[in-house]
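Novice: What follows is the residue order along each chain.
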Amino acid sequence: MSDLALTLAHLYPAQMNIYGDRGNVIALRKRLGWRGIDLHVVEVGPGDRFDPTAVDLIFGGGGQDKGQVLVAEDLQRRRAGLLEACEAGVALLAICGTYQLLGRRFVTATGEELAGIGLFGLETTGGQDRLIGNVVVDSPFGELVGFENHGGRTRLDDGQEPLGRVRKGHGNDGESGFEGAMRHHAVGTYLHGPVLPKNPALSDALLGWALARRGAVELASLDDTVERAAAATAATRP
Amino acid sequence: MRVLMVWVGKVLIAVTRLRGGGGSALPGLVIERLWPRLLAAQLAQLPDGVVLVTGTNGKTTTVKVLTTMLEHADRRVVTNRAGSNMVRGLLSAVVEQSTWTGHLRGDIAVLEVDEPNVPLVAALIRPRLLVVLNLHRDQLDRYGELERTATLIGEAVGMVDALVVNADDPLVAGLATGRPDVEASWFGTDPTLRDQLPDDASLLVGSSGAPAAVPPEQLTVCLVAADEGARPAEQDVVLRLDEDRELSVALPLSGVFNASNLAAATAALLVLGVEPDRAVGGLTTLTPAFGRGEHITVGDRSLVLQLVKNPSSFTQVIRTQLAHGPDRVLAVAINDEFADGRDVSWLWDVDIEALAGRNDTVVVGGTRATDMALRFKYADIDCEVCPELDGLLDRTLELARPDGVAVVVPTYTAMLALRARLGRRTELAGFWE
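In order, the protein sequences belong to chains F and H.
So for the first sequence, the working numbering puts the first residue at 1; every next one is plus one.
So for the second sequence, the working numbering puts the first residue at 1001; every next one is plus one.
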């Protein structure tokens, strides 16, 4: 192992963990480990002390509605720090419920409003039906494959960059053709799967951003045959 | 009307059997559309009423254990087998067990019900007893969120005469606490065993989770010991009943989760007023339920079929059956048909890492074999990919040692397909038995 180690802050692991999204942390840790670099994972729960600018990566997963309310309140207290971290180029990945709360707000199907932190220029409204199924997205990281399952319809502001365009599936709102959102080194998406294991290019982009901020060398390439095979299968499923 | 509907159902069952679709729920689906009240009309003939069993994992086995014990206590039991646990499945089962004159022979019904259908079924038939085993994250694209499932089952609580609930599972325990209007009995586990039976919140964390909902003295049945010893597929279970009575049972099923299912079934017996001492004698002839720890012999090779449906069942199979003991041949078959759950993200909530560092021989198959291979890769475990199930079976049998047992871990539709294929290669009971 090299002396270099990165730190990842895993936000709200107890509240936002319902969809296998912790697999994204596993993917990042293994891919760094295979390059001889350690990943320290720090869990951040509601009320925990945490400086978002002092870590290399930030991750938040999807969760149940009840957990999302608790998380929304806590995120408001961290708003300034997270926006500063994004400006500073900290790599961030937010899935589903966390992704929604990084927007401006989330209005539920019954009209209640959850305030987000406005890291992404977007708003989400709760819909009655859920948008469910395998998804293929064209993105700057190549073709991404995942699985979506969300009642929220997310609309990007004009000028808010998406993660990519949907080739198969519903995406943010089932209409715009956009999936996810990106700002600087922060990525938000509805893709479960989980998203990183089958999409090594996205994993390595996040890791590359984190390492570059530390002035570290480039990532050695890995054999992604198994990853590509899984992505190819997933892309054909309904 | 009632007898006519029974006729319609029985004709449909005979027709689907002739066409090779034995066990299909189509007959029940037709009756469900025409006259769903048939379920209540038939079950009302049973003098001792209806027991419903629900929960994320263990329904089929618990129903089988309870049915076996009741039959040994000379009760005639109407039950649904092969896991057909939605309303249409219950209708099919009830029609099949009714005579052509519309008479349902039996004393009591023990029925497995899929969680979201519990309030619907309870409203139709007013059960005598509802047993809730556990609530764990399950196929999210089918069942939606866990808390919503708990709320749904909660709606049924006011429609039943009595409850048997799991004191160690906070979501289940919450159905009974604060409901003085419902008679609740509790089953639970001694703290020393609870680590092997995590509730959903502690599934990913590895601790024993929340404290039990009631103190040990208030448990109707407490699982105090489950010792597998050297014999495969068997364990010595000790249950503490209230009044400080202990019951020792030789249970021909492996895995602590099955000892817990026995505790639940025993609590149900007590609520039904059946003496467990005599009833447990029937368990010596118990064989595992369809796909749940079934031993199947093909030539001179032995396979164990262990169905997995969600992170907790797969994690439990790993922790209680695979990670302990000798290196094995392990075949994992992951399908993503509707009944399996189309989203395979759940594989990453499974404690696959517990298998790392062993010398197991692993093969993967099913429609999402490549995703399972990916999961194993990120746990540093090598595996061979054989997507087609016939190929997977061939390879597993080829790799299996004559003295050892190969463990086959499929999702639901993969299990049905594998069982069908194994049935053609060996003598297996038809799955509607």
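It is worth saying that the hints were derived from the structure and are not from the lab.
Everything numeric in this text was worked out from a predicted model, so none of it was measured.
Be careful, since some hints might not be right.
[What the hints assert, rightly or not] With the Cβ distance kept under 8 Å, some of the chain F side facing chain H (calculated, not the full set): (1) Y19; (2) G20; (3) R22; (4) G23; (5) K30; (6) Q64; (7) G121; (8) T125; (9) F147; (10) G169; (11) H192; (12) P194; (13) V226; (14) T233; (15) R237.
[To be verified] Capping the alpha-carbon separation at 30 Å, the derived lysine-lysine pairs in DSSO-like fashion look like this: (16) H:K1309 with F:K30; (17) H:K1309 with F:K66; (18) H:K1377 with H:K1309; (19) F:K168 with H:K1309; (20) F:K168 with H:K1377; (21) H:K1377 with F:K30.
Don't be surprised by glycine CBs; every beta carbon is placed ideally from N, CA and C.
Novice: If a hint holds in the structure, say so; if it doesn't, say that too.
Specialist: Consistency of the hints with the structure:
1. Y19: holds (5 Å)
2. G20: Nearest chain H Cβ about 3 Å off; hint holds.
3. R22: holds (6 Å)
4. G23: Holds, because the Cβ-Cβ distance from G23 (chain F) to chain H comes to roughly 3 Å (cut-off 8 Å).
5. K30: holds (5 Å)
6. Q64: For Q64 (chain F), the interface hint holds, since the closest Cβ of chain H sits about 5 Å away, which is under 8 Å.
7. G121: Violated, about 28 Å.
8. T125: violated (19 Å)
9. F147: Constraint on F147 (chain F) satisfied, holds at 5 Å.
10. G169: At 12 Å from the nearest chain H Cβ, G169 (chain F) fails the 8 Å test, so the hint is violated.
11. H192: It holds, given that the least Cβ distance between H192 (chain F) and chain H is near 4 Å, below 8 Å.
12. P194: holds (5 Å)
13. V226: Check passed: Cβ of V226 (chain F) comes within 5 Å of chain H, closer than 8 Å.
14. T233: holds (4 Å)
15. R237: holds (6 Å)
16. H:K1309 with F:K30: holds (26 Å)
17. H:K1309 with F:K66: holds (24 Å)
18. H:K1377 with H:K1309: The hint holds at about 21 Å.
19. F:K168 with H:K1309: holds (27 Å)
20. F:K168 with H:K1377: holds (27 Å)
21. H:K1377 with F:K30: Holds, at about 10 Å.
In this structure, the earlier hints numbered 7, 8, 10 are contradicted, and the remaining ones agree with it.
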